[in-house]
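Peer 1: Working from the sequences, and respecting the hints, build out all of it.
With this note's numbering as the guide, the letters of the sequence shown map in order to residues 932 to 1171.
Don't read these hints as lab results, they were simulated from the structure.
Heads up, the beta-carbon is just placed ideally off N, CA and C, and yes, glycines get one too.
Certain hints may be false.
Claimed, not checked - FRET-style restraints, in silico, Cβ to Cβ:
id : residue 1 : residue 2 : range
1  : Gly1017   : Arg1073   : 28 to 36 Å
2  : Asp1051   : Ser1129   : 43 to 51 Å
3  : Arg1073   : Pro1019   : 26 to 34 Å
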Amino acid sequence: MGLIAEFRLTGADLALVDVAAGVPAATVEFESVQAAPSGPPEFVVRTVGADREAVEAAFAEADSVTDHSLVVADGDTRRYQCRPTGGPPEGLEALADNRSVPDRVTVTPDGWTERRWFADREEFDAFREFCRANDYTFGLDRLVEVDDDTGASDAEEPGPFGAVDGDASRPPGMTQPQREALVLAHEMGYFDVPRTASTADVADELGVAPASCSERLRRAQSHLVAQFRRADTNIKPRID
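Peer 2: So, in structure tokens, the structure goes:
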């Protein structure tokens, strides 16, 4: 039984975050990390959606990486090699035997958004503790158990108030359809005063029946209230 984790990392010294900040309209992704015989590893980075001058100016001004060079260009998609500045993170040897494989790492001006495969929960916990030890904030978006024969089987998601690391004691997380309905309803003005979107409006946007939309919203709001009550121990149940 393996795990797929989708999470966000933020930290003062994450490589390439300053590059992404220099070209905020572009997509910046790791393609590979190649170990070097000595010194820091070599990154292969893909950029999409910005012209060459802007991307190379962002690399040149960045403090987190050095020695950038263009490998190949295809339209507005380019691949660069570069190296991180500074020494390796503390305790890197602790991950030498970690059975995890990055599937996607996107760099934003705020940090890294990553999807990674783990052999088991122990390996996930070790990776998460490594991030904490190096002062990276780890925000878990989704944790899915994967059966080797049948694929994804179960999911752990953070609470609606942004619980991270899977540490917060909370009720079972919202389903993705419930969360989607809640976020869409908020964006459309369903919760505004006065209300600017009806249940039918939200249902039409989702492509579901109004009754299904109403049920999703009620269940999502129930999760929100339950999470709030768990987080605030000063709230006591009413006793008639």
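Peer 1: Give a verdict on every hint.
Peer 2: Quick rundown of the hints versus the structure:
1. Gly1017 <-> Arg1073: 28 to 36 Å: holds (31 Å)
2. Asp1051 <-> Ser1129: 43 to 51 Å: holds (46 Å)
3. Arg1073 <-> Pro1019: 26 to 34 Å: The hinted range 26 to 34 Å holds for Arg1073 and Pro1019, with Cβ atoms some 28 Å apart.
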